[in-house]
Amino acid sequence: EDLAKDGVKLITADPKTSGVARWNFLALWGSVVKTGGDDTKALDFTSKVYKNVPILTKDAREATDVFFKQGQGDALINYENEIILASQKGEKPTYTIPDVNVSIDNPIAIVDKNVDKHGTREVAEAFVKFLYTPEAQREFAKAGFRPIDATVAKEPEFAQKYPPVKTLFTAKDLGGWGEIQKQFFDDGAAFDKIQGSIKR
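Just so we're aligned: the sequence shown equals residues -8 to 191 in this note's numbering.
Hints are supplied without guarantee of correctness; some may be wrong.
Here are the in silico distance ranges between beta carbons for each label pair [to be verified]:
1) Lys80 to Leu122: 19 to 27 Å
2) Glu113 to Gly187: 49 to 57 Å
3) Thr142 to Gly62: 35 to 43 Å
4) Asp178 to Ala150: 38 to 46 Å
5) Lys152 to Asp29: 29 to 37 Å
6) Gly187 to Asp(-7): 23 to 31 Å
Below, computed lysine-lysine pairings styled on BS3-like, alpha-carbon distance capped at 25 Å [claimed, not checked]:
7) Lys7 to Lys173
8) Lys80 to Lys133
9) Lys184 to Lys42
10) Lys145 to Lys120
11) Lys(-4) to Lys39
12) Lys(-4) to Lys190
Hints in this document: simulated from the structure, not taken from any laboratory. C-beta: ideal position from N, C-alpha, C; glycine also.
Kindly produce the complete structure, drawing on both the sequences and the hints.
Structural data, given as structure tokens:
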């Protein structure tokens, strides 16, 4: 709720150019609709938040740099791993993981035409399987990405670093990416309406 208060300057990326910004938008929207609010309340809240954004950066890393290196803004919305990376580079961020948040689920695919052409199907399939093993999940967690393996997530090294999110929803819970694109990010959709309502 603090992000919607008058006078707060918020740094985030532009959903028209950035993947992180789309997730940020969905996290804001979902913080309303996943706690009993409707689309009208979500639009109102999200509009108030974006009125507090002085500039929309092109991507996550630029948002991080604008906030930490240039000292702009009072708050930054970004990937959790970007904040962990900033910590590893010597910054001392104070951050909050919202109780209501979106799970950023990145897909992986084996491209049949490509692996068949190059004879690499077996190694590609083995690599995909490896990504979900405890060994790989530990390496992801060390690099700032939440482990999805429940056993790894409970290990002392990671349990404090990645506290559980009370209400975690997914893109699928919002209708999937086809519906999300149409409702929020197509030309003339919710994000454009919000931007059109902001007097800069």
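Which numbered hints turn out to be false for this structure? Hints that this structure does not satisfy do not exist here, as all of them hold.
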